[in-house]
Amino acid sequence: MSTPRKPDDELERLLADDGGELGALYRRLPRMEPPRRLDRNVLNEAARAIHGRPPRRQRWLVGLGSAAGIVLAAGVAWHVGQDALQQPGYERARNAPTYVPVQPIDPSARRKQTNAPASADAVSPHPAPTAAPAAPAAPIEYQHSRSAQIVDRLKKETTARSPPPLPPPSIATPPPPPAPARQSDPFFSAENADSAASAAGAAKAEAKGDLAGSAAREKESAAGTDASAARAEKPARSATGPAPTTSAELRRDMQLAPQDWLAHIQQLLRQGRRQQAIESLQLFRRAHPDWQLSDDLRALSD
Amino acid sequence: MLAYAGGDLLAFEMLYRRHRGLLYRFLLRNLRQRADADELFQETWSRLIAARERYRPEAKFSTWLLQIAHNLMVDRFRRQRPQASAEETETVLRNLDAPESEQPERALSEFEQRRRLQLALEELPEEQRVAFLLRIESGLGLDEIGEITGAGRETVKSRLRYALARIRARLAT
Chain A
1 MSTPRKPDDE LERLLADDGG ELGALYRRLP RMEPPRRLDR NVLNEAARAI
51 HGRPPRRQRW LVGLGSAAGI VLAAGVAWHV GQDALQQPGY ERARNAPTYV
101 PVQPIDPSAR RKQTNAPASA DAVSPHPAPT AAPAAPAAPI EYQHSRSAQI
151 VDRLKKETTA RSPPPLPPPS IATPPPPPAP ARQSDPFFSA ENADSAASAA
201 GAAKAEAKGD LAGSAAREKE SAAGTDASAA RAEKPARSAT GPAPTTSAEL
251 RRDMQLAPQD WLAHIQQLLR QGRRQQAIES LQLFRRAHPD WQLSDDLRAL
301 SD
Chain B
1 MLAYAGGDLL AFEMLYRRHR GLLYRFLLRN LRQRADADEL FQETWSRLIA
51 ARERYRPEAK FSTWLLQIAH NLMVDRFRRQ RPQASAEETE TVLRNLDAPE
101 SEQPERALSE FEQRRRLQLA LEELPEEQRV AFLLRIESGL GLDEIGEITG
151 AGRETVKSRL RYALARIRAR LAT
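Protein sequences appear in the order of chains A and B.
The numbering used here puts the first residue of the first sequence at 1, with every later residue one more than the last.
The numbering used here puts the first residue of the second sequence at 1, with every later residue one more than the last.
Treat each hint with caution, since some may be false.
Under the rule of at most 25 Å between Cα atoms (straight-line distance), these lysine to aspartate or glutamate pairs were calculated in the DMTMM-like manner [claimed, not checked]: (1) B:K157 / B:E123; (2) B:K60 / A:D39; (3) B:K60 / A:E33; (4) B:K60 / A:E45; (5) B:K157 / B:E122; (6) B:K60 / B:E144; (7) B:K60 / B:E154; (8) B:K157 / A:E12; (9) B:K157 / A:D8; (10) B:K157 / A:E21.
Which chain B residues face chain A? A few, computed with CB under 7 Å, are given here [unchecked claim]: (11) Q42; (12) I49; (13) R114; (14) L160.
Computed beta-carbon distance windows for the label pairs [claimed, not checked]: (15) A:G75 / B:R17: 48 to 54 Å; (16) A:E33 / B:R115: 30 to 36 Å; (17) A:E33 / B:A51: 41 to 47 Å; (18) A:W60 / B:E122: 40 to 46 Å; (19) A:L61 / B:G21: 33 to 39 Å; (20) A:A73 / B:R17: 43 to 49 Å.
No lab work stands behind these hints: they were computed from the structure.
Just so you know, even glycine gets a beta-carbon here, dropped at the ideal spot from N, CA and C.
If we strip away everything but chain A, and leave its shape as in the complex, we get:
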């Protein structure tokens, strides 16, 4: 009769150095080895960990470093841009108005300038660019011819309308700026030339507005009715029509007595200065709205 196998005895044999009979049997089992590809993968990974890229868990450091680099580059670029903006050359170039050099309108002044270009340069607050001094020659001629044409046209119109020269009244339109000041600036722009030409018309319109205002005030003081004010608007609107005569002439007409003023209008008609007669008559009707006009003058004013 055999004795039962003791588990502790088997365990003792298993824990022995040789593992007992089960250990011997186990060692006779096939001893599998990892495939070569696993060896290569593991050894390559170990080499990369030492020499190559950082481990996976440190990749956030790469991202953080990249973000910091981008922020640094943006900051440097911003500072460089600020420095460029603060440089005096850039400020001067940015704030400098765009001048188009043109020749003076007055031929005499042009002659003066051609005789003394150095002094003009010395007076000019904006010296001409030295990089291309001869290049703007063609634009100068173009601008000069254009502005000269405008001014000449205005002069012709004024001459055609204006009566024979009279002594200027004290409230006349202020004279244009002194010619030498403009002649000394060789960079008077064509735009300024145009604005100068239009400024003459604007001054006339302003003077006529003043006349309309004063006439209306006189009429209000004379009649004191709203209807007269409504009538006063009509000549004011019509002032935007044909080119009026000079304000000096109109103001001079206002100083005449009503009979003399009407006689002067009749004289203008006889002289063929119909436009000037119409304007003067309109002003007369605003100044004297209750005056009974003759039929021909009433037809002229309507």
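Since the structure of chain A is already known, use the hints to place chain B on it.
Chain B in isolation, oriented as in the chain A frame:
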């Protein structure tokens, strides 16, 4: 391992050559699928490489390596845990008390014994198989097995006893 952590790649290659078979067989006998064993083999070494800075010489390298592999296996087993049935357990317990003259394995050929041992290992519950393989394959003692598996000494002994009983039962059938 300290040399490798300091940048000596040859030191790592020596460690790898020494332990690669042991680890691979440990994984293959536990997982039984070569693809799974390959995957966890590479993953074990990857974890070890990544954690090279944390290695302390107080622990045996093989213990540390097998502990990493064991943890990975536990995660795998938790997803596909095999359970021994009550009938299998009863058979094991009956064979424990069988007389030695009635143990059938004596009559088997050596080839048949090796085949049955393989089957017995595959059929062992996870914890018993791990303890048995750590002992029989890696030559670890009770304390080292307990360190790797996180179990106490007596628990390891108990697992080894049950493993032996099941293997005996498998060899007898």
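Task: Hint check, failures only - done: 16, 17
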